[in-house]
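Enquirer: Hints are included, so try docking the two chains, each in its own frame, into the full complex.
Those protein sequence lines, which keep their order, are chains X and R. Numbering that gives the first Met the number 0 applies: residue 0 is where the first sequence begins, and numbers increase by one. Numbering that gives the first Met the number 0 applies: residue 0 is where the second sequence begins, and numbers increase by one.
No false leads were mixed into what you were given.
Chain X is faced by these chain R residues, among others (derived, beta-carbon under 7 Å):
| id | residue |
| --- | --- |
| 1 | Phe69 |
| 2 | Ile70 |
| 3 | Ser73 |
| 4 | Ser74 |
| 5 | Gly77 |
| 6 | Gly78 |
| 7 | Val80 |
| 8 | Met81 |
| 9 | Ala82 |
| 10 | Ile161 |
| 11 | Leu168 |
| 12 | Ala171 |
Just so you know, these hints were derived from the structure itself, not from any lab. Each residue gets a CB set at the ideal place from its N, CA and C atoms; glycine is no exception.
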Amino acid sequence: MGSLWFNSDSGYFEGLIRGLRAGILKVSDYTNLCQCETLDDLKLHLQTTDYGNFLANEASPLAVSVIDEKLKEKLVSEFQHIRKQSVEPLSTFLDFISYSYMIDNVILLITGTLREKEISELLPKCHPLGMFPELKTLSIATSPAELYNSVLVDTPLAPFFMKCVSEQDLDELNIEIIRNTLYKEYLESFYELCKSLGESTLDVMGPILQFEADRRAINITINSFQTALTREDRVKLFPTIGRLYPEGLAKLADCSDSDDVARVAEYYAEYRQLFEGVGTAAGDKTLEDKFFEYEVHLNKLAFMQQFQYGVFYAYIKLKEQEMRNIVWISECIAQRHKAKIDNYIPIFE
Amino acid sequence: MSAYCTGIYGLGLATLTGLTFVGLFMMLTGWGYRFDVGQFLAETSPYMWASLGVAIAISMSVVGAAWGIFITGSSILGGGVMAPRIKTKNLISIIFCEAVAIYGIIMAIVFHNNIKGFQSHTDPYQYPGTVSVENIAAGYQIFGGGLTTGFCNLVCGVCVGIVGSGAALADAQNGSLFVKVLIIEIFGSAIGLFGIIIAIIQTQGADMGKAV
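Okay, chain R solo, but in the shape it has when bound (with noise of 0.2 Å):
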């Protein structure tokens, strides 16, 4: 565990002393007003954005898919060995974990389907090689989007993982907790259904290339 924590802060350490690098070397080099974050910010394309957002949705309720259904899955297969009633009743934890993964789908398709083509701008000779608002503020929407999406569903997988874990361990010694325990995992659940609820919210108005 210590590896990771290391290397997260290895990579943070990099990446910041990389920028520090590049930005003092531009502006000592007299390049400086090239270092504009603004500039970056306004003038990278839409699509980057809102196919960010459509990655980061998916990607990430999967990791906290997988990562719940390793650690319920574990312990059901310990558990089974010496109880082995346990064995299709906790199949129910594996389910609310995949669950989360086909959130993580779900949002995917419809953030994707408010990506569409557009032309820069509705005048292009008043305003040339500019990108029209709309369809910028789409592509952070989307971007939004699935930000929430995907580290909501992140967290909901680990949490139901690791409440499916000990409901498995429960059950194998006395088979009356396993209800109980249940009703902790459904609510574990609802995270990640508060997560695409917002998602939803925060791309509602999401329109590329809106008709001229």
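If we strip away everything but chain X, and leave its shape as in the complex, we get (with noise of 0.2 Å):
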């Protein structure tokens, strides 16, 4: 029934959308900036892409910094484009894709402050996706409870917070653990969104969500085994809308090395195909470009159905995936050491 009244509102950004994805570099154009030897040379051949001249008024020589920006700088003005124009729900949708961005910047300004660095320096660092007026009087919080009551009660990441509240003080192992916290709420409020968007954008949203639990799951148990986390703080952290719930995060709250992680996705058919053939040769892909490739699948699976808001979405994620493909050939050719040149991720054929 989405179909019947989805484009009233939605219907231009849906047509947009698509037509921006199309834009969306394919393999073609990655093997043409893969031989590319100078930074100007692959600043010439993204200009025959639908990046056109946004990299026209940088100075000759060129910096991967500088690429960066730019690139960043034009999802931005994408995305702004749309959110202006937007009415609900597809606004809501909009600003809960940019709160995950908004949870890093604050992260990033808390353990920032904690370093004694100035506000002022670290302001240029935040995602401009995740920006917001508070964001600046972030420096004068010292303890979670006052973080909350002075600076985000006024925000949009103030209901993600109230979990969070109870932690002492803020110190290095805690910052990690309100990050996790908070993006265990933003997934579960982002879920029950798509969930009363409709049937389409659940079914295009859904496996996206769950997948980006799991990981969530899988990367907290990886990067906690030499730490001081406890098995139960451990599970608090554990999204539950993924597929791992309930049994699967059980396991996992037991493991103590990765062979034991790796065993616990095998009982997931989709999952087990991602541990295998992972290593650190040569030739192996690393953990983290499975989970890449198959969020790349899982995205465009989205533009397969129409009338659905998941496309909006897909586009952001699929564009951030470009982004650090572009970055990643950049830094090989700035750096001259092309033999690794290859593991971009490609998106479309």
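Expert: Following this line, the structure appears as structure tokens:
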């Protein structure tokens, strides 16, 4: 039934985002980029794609950081173009996409403040999609309760912060716990939102968010092997919307090394193939690469259905992957170390 | 969407409650014999039924056409930003939706030509206050024809609209797909034609004001 009413508020944006998706770089574009010798060559090749002259005003010895910044700027301008014109429920959906970047920015600022860095040097490092006005006042907080009451209570992150306020102090370990708790609440809220937006949106976004939840659980487990994180604390950080809930998560809580994690993943068909062929040898892919590949696969499926909101999320994530690819290729070119230049993740044929 | 569903359910529930309340009230206060569905059907004027038929024919057709046009039009606008070549070709989808509204107008005019003045009965002294059977039948026939054409065109317009939206977005990605999806639209458009053919057959013998 969504197809009857969807177009009245969001039809134009769906058409626009599908047009933008057609401009995502293909394998032939990546092959051309890999053959560039310098970053100026790269800029020339990018001019023939949908990127056009986005690097036109930059000074001649290009740096990879400049390319990265300009890529982000382009994505943010496309996102804002759609966000500013949209109405409910698309505007809520787009806001939810930006919350994950807001969480990253908040944690970045808190960590930076703990290490006695100036707020003015931290703000440029924040992701532009996750900027909000109260971000600049974050440095005054010294405990989570104060952070919540004075800064975050009026921001969209307030409902996610409720569970973290009981933490005692802001120190290094607790920052990661706060980050993961915020992200868990965010994922579960996002899943509830997708449920309320109709069957086709849930059909598309459900697998994507479930995979994200499982991926976070696996990463939390692997990263906590040598740390002081207890088993109960680990369980509290796992998001519950994924396929691993509840049995997989219970098993993950008991894992003590990577082989245990691989054994847990074997119970789930999709994750078993992600853990196969993973290694640190020269020709192998890392687990993170496999996760990115699977994420790209799920995001491409989002474009198979019309009249749903998942295309907006999928486009942002695919563009992010494209940005990572271009930055990887640029780094390889800049450092003249082209051995692993083909380790980008291809998106469209 | 769920707001619309609850709205329609609420309306239906309200109507049912209203009718039940009125019926019970009349029965319990001794006026039960006046709650007479048969009398209602036999004594309402054929003009009311016929005019309702004309109204439903044109208004539901226009709702269907408008629905289809906004579904297709917004997709053409969105797709045309990054692929301007689709703009002109995809106006065909809009024309198919518009055709649905034109079917509605034609049928409304055809029905309206059947609505004529009539004497109440060929023999008003023998049957005072009654309406002759042909006139009542004509009223119902036109009402039925209007319902048929109205609802067929409503769904036809929506169908052509949704397919047209898909056609525009597919054309924006790959130009060779447009003609293939257009064939689907043509089949969808045929549904509206079925509606008006049946409506014409329904109102075939509708004859108000038959000469005495």
